[in-house]
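Since the structure of chain A is already known, use the hints to place chain B on it.
2 protein chains.
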Amino acid sequence: MASTPSAVPDPSPELLSRAAAVRRAAMALGQCSDGQRQQALLAMAQSLERSAEAIVAANTADLEAAASDQLAPALVARLKLDGAKLAGAIEGVRQLAELPDPVGRRQLHTELDAGLVLERVTVPLGVVGVIFEARPDALIQIASLAIRSGNGALLKGGREASRSCAAIFEALQEGLAESEVDRQALALLTTRQESLGMLRLDGLVDLIIPRGSNELVRFIQDNTRIPVLGHADGVCHLFVDRSVNQEQALRIAIDSKTQYPAACNAIETLLVHQEVASQFLPAVISAFQAEAVELRGCPRACALGVARAASDDDWGREFSDRILAVKVVESLEEALEHIARHGSRHTDAICTTDPETAGRFLSAVDSAGVYLNCSTRFADGFRYGFGAEVGISTQTLPPRGPVGLEGLVTYRYRLRGEGHIAADYASGLRRFSHRSLPL
Amino acid sequence: MASTPSAVPDPSPELLSRAAAVRRAAMALGQCSDGQRQQALLAMAQSLERSAEAIVAANTADLEAAASDQLAPALVARLKLDGAKLAGAIEGVRQLAELPDPVGRRQLHTELDAGLVLERVTVPLGVVGVIFEARPDALIQIASLAIRSGNGALLKGGREASRSCAAIFEALQEGLAESEVDRQALALLTTRQESLGMLRLDGLVDLIIPRGSNELVRFIQDNTRIPVLGHADGVCHLFVDRSVNQEQALRIAIDSKTQYPAACNAIETLLVHQEVASQFLPAVISAFQAEAVELRGCPRACALGVARAASDDDWGREFSDRILAVKVVESLEEALEHIARHGSRHTDAICTTDPETAGRFLSAVDSAGVYLNCSTRFADGFRYGFGAEVGISTQTLPPRGPVGLEGLVTYRYRLRGEGHIAADYASGLRRFSHRSLPL
Numbered sequence: 355m356a357s358t359p360s361a362v363p364d365p366s367p368e369l370l371s372r373a374a375a376v377r378r379a380a381m382a383l384g385q386c387s388d389g390q391r392q393q394a395l396l397a398m399a400q401s402l403e404r405s406a407e408a409i410v411a412a413n414t415a416d417l418e419a420a421a422s423d424q425l426a427p428a429l430v431a432r433l434k435l436d437g438a439k440l441a442g443a444i445e446g447v448r449q450l451a452e453l454p455d456p457v458g459r460r461q462l463h464t465e466l467d468a469g470l471v472l473e474r475v476t477v478p479l480g481v482v483g484v485i486f487e488a489r490p491d492a493l494i495q496i497a498s499l500a501i502r503s504g505n506g507a508l509l510k511g512g513r514e515a516s517r518s519c520a521a522i523f524e525a526l527q528e529g530l531a532e533s534e535v536d537r538q539a540l541a542l543l544t545t546r547q548e549s550l551g552m553l554r555l556d557g558l559v560d561l562i563i564p565r566g567s568n569e570l571v572r573f574i575q576d577n578t579r580i581p582v583l584g585h586a587d588g589v590c591h592l593f594v595d596r597s598v599n600q601e602q603a604l605r606i607a608i609d610s611k612t613q614y615p616a617a618c619n620a621i622e623t624l625l626v627h628q629e630v631a632s633q634f635l636p637a638v639i640s641a642f643q644a645e646a647v648e649l650r651g652c653p654r655a656c657a658l659g660v661a662r663a664a665s666d667d668d669w670g671r672e673f674s675d676r677i678l679a680v681k682v683v684e685s686l687e688e689a690l691e692h693i694a695r696h697g698s699r700h701t702d703a704i705c706t707t708d709p710e711t712a713g714r715f716l717s718a719v720d721s722a723g724v725y726l727n728c729s730t731r732f733a734d735g736f737r738y739g740f741g742a743e744v745g746i747s748t749q750t751l752p753p754r755g756p757v758g759l760e761g762l763v764t765y766r767y768r769l770r771g772e773g774h775i776a777a778d779y780a781s782g783l784r785r786f787s788h789r790s791l792p793l
Numbered sequence: 355m356a357s358t359p360s361a362v363p364d365p366s367p368e369l370l371s372r373a374a375a376v377r378r379a380a381m382a383l384g385q386c387s388d389g390q391r392q393q394a395l396l397a398m399a400q401s402l403e404r405s406a407e408a409i410v411a412a413n414t415a416d417l418e419a420a421a422s423d424q425l426a427p428a429l430v431a432r433l434k435l436d437g438a439k440l441a442g443a444i445e446g447v448r449q450l451a452e453l454p455d456p457v458g459r460r461q462l463h464t465e466l467d468a469g470l471v472l473e474r475v476t477v478p479l480g481v482v483g484v485i486f487e488a489r490p491d492a493l494i495q496i497a498s499l500a501i502r503s504g505n506g507a508l509l510k511g512g513r514e515a516s517r518s519c520a521a522i523f524e525a526l527q528e529g530l531a532e533s534e535v536d537r538q539a540l541a542l543l544t545t546r547q548e549s550l551g552m553l554r555l556d557g558l559v560d561l562i563i564p565r566g567s568n569e570l571v572r573f574i575q576d577n578t579r580i581p582v583l584g585h586a587d588g589v590c591h592l593f594v595d596r597s598v599n600q601e602q603a604l605r606i607a608i609d610s611k612t613q614y615p616a617a618c619n620a621i622e623t624l625l626v627h628q629e630v631a632s633q634f635l636p637a638v639i640s641a642f643q644a645e646a647v648e649l650r651g652c653p654r655a656c657a658l659g660v661a662r663a664a665s666d667d668d669w670g671r672e673f674s675d676r677i678l679a680v681k682v683v684e685s686l687e688e689a690l691e692h693i694a695r696h697g698s699r700h701t702d703a704i705c706t707t708d709p710e711t712a713g714r715f716l717s718a719v720d721s722a723g724v725y726l727n728c729s730t731r732f733a734d735g736f737r738y739g740f741g742a743e744v745g746i747s748t749q750t751l752p753p754r755g756p757v758g759l760e761g762l763v764t765y766r767y768r769l770r771g772e773g774h775i776a777a778d779y780a781s782g783l784r785r786f787s788h789r790s791l792p793l
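Protein chains in written order, with my numbering: chain A, 355 to 793; chain B, 355 to 793.
In isolation and in its complexed conformation, chain A is listed as follows:
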């Protein structure tokens, strides 16, 4: 709704025709068997292995260009794809082939009347559009997720990874050429014009998955009618209640912040009940100092020793860094209000030994993940046991939270009859049985 026509151009005729080709190939892919899709993944993995040298060489060229362009070190780290990292990504493709087929699962099976049987079966979405920044291994992961779930994909990598992406894409296509999946099911976009044009491919692209900065995600959400799977913000909270095992709470706070500070599921704000603040905060201060985490406190937290005062902007801010806002709250209710106001509905946790307080927190906090006495860092598709992660969604509607392969399928109702017509039920001649059948 916030689009400006100049920001999002109409897709070019060339992009439209490429997207239409992907869609046609995806329709055929959607009819492939589980075994055919598994075999395609194994062929992709083999082809990547054969091309490993060329891929690493292309990546070296990208890294050299990045060095001469003076790219930020964090970006360079994400860009780097050496032999070991590539081998890991290829292993990921093989693991994906082994995951249970997400397609063709019967979710509902009802006899509406004798001879009139309804079923709801999972089917691929169609075509996914993926826009990612820097990390070239994301191309391998996303392409294999798409093929495993029977979807075509339009893939747009970052400009800085263009050589790596081209080499990987060539290997993926060569792999597909040795399988029964049409290689046209995957297309690599290379220009910014193309990735912008993709946002307007309603009807040809069914889901857009942005993998990159919050700004990228927000821009995409604001400039497309196509559903977007992702999250702009990960503003996670940890509330330490008055009834608490303080030693355990401190371990959880440190893990939630420092195990990977740039992750979306790291905490940005620590809320501490006033009744334990004077005892708990000194321990927090020294433990986080040892971890080189800067604390920014509310006035009461500062009075208890937090060195730097938090600004108004620090509440609800995703630092993505070794910075943690700390607030002393009067009650559980104040903590709930703070989270409702400043959180991003990603993952929020409580440390408490009081079952009633735990229950209230778990039912009142409206986030994709609500945790009791454990680290927010568990919010992840692999840790949840999904085997693969498409992304993490902070929207209200499903799919929500960490999304596995199920995020790349939808369902369809199939109704099989023997000449059944609705008029017979309207007239009362026949009646619905609505009998559940085994799945």
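Accuracy of the hints is not assured; some may be wrong.
What the hints assert, rightly or not - Have a look at the derived ranges for each label pair, beta carbon to beta carbon:
no., chain 1, residue 1, chain 2, residue 2, range
1, B, D708, A, T545, 31 to 39 Å
2, A, A641, B, Q449, 17 to 25 Å
3, B, R378, A, A646, 36 to 44 Å
4, B, A415, A, A375, 57 to 65 Å
It is worth saying that the hints were derived from the structure and are not from the lab. Don't be surprised by glycine CBs; every beta carbon is placed ideally from N, CA and C.
Below, chain B without anything else, positioned relative to chain A:
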């Protein structure tokens, strides 16, 4: 994305504060038990019964105003709410109270490690915004669907039904006042400015459900970032294959078109395989003539007796009337292409006795409903056995097709630990078990 700022104004401060009040009440409602929500529905039903006379009188006043405004007869028919229709709507509220609770269902239950247990539980969406035209009984239905599923609702009825809606809304609130559900969980909007402003209540409204004309739905889809449950078009097809029980196919064609021609699940186009066309079409022509349905044919259909030629616009057009486009196709593949090109992915059916053709159609047509040898008119939440229908969605992502109460809930992940931290798994000190537990 197609919005013009003038079409969708910012919500007024008054609307914002009303929506915030609904959201607060909805948060409390979301914590209510199944029994409390059931009881609230029964209290609403009783209150509506007590106010029946006032509601019918208000409706009579709306009908008189409609007559003096010379409203279209179809609109007047939808506007009318006499004692019998009201009693039916009240009975619907009581039935809804009896439906199984959609909230608090455990969908996933996994032990990630000893003492670290993940579950996924259904929870209310929060607040739904509903915009409907004319039919005042829709207000009763939607309000009770919302309360049953633990959601607050902003409700905007048509201007022509304003007196009826006000009377119904008063009765609903009086009913809620006798229950443990805060009456503020429901709010009635009355002006066009308010319903436009609602489209911008991102963060306060979680789902918009438009109930009205295709134009209304399309306008809303194009002018909000909030997810929309609904469908702009219902362009359904019936394909009569060459291997077919022609008598049965004719019965199905007639039912699919005439059982309720204005419904979204009525067919708009009949596709006939060329090998049966010369035999089947004459029967179609006389049968539809008897039903006062106008046929518009492709050249080959016209050559076989269809009196009027279809224009290019007639393919893919939702007539919502006693008009049916008829096309002779060379093959199953041509039928599939026609449906892919002109359909709206609502419901499409095939009549065939060939299992292979049936299988190909059921897997290749990418619509919310794909039917074999039965009428498209079965595409309906009640007929599917869902007990209640929130709407029918033609989007690709779930919820798709007829949507019952499950369309008004989402889910949340709850993770309960005993001090578990992610670092222990990263270091290899602990390993995930990912053991499925009983639901």
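Hints not upheld, ascending by number
Violated: hints 1, 2.
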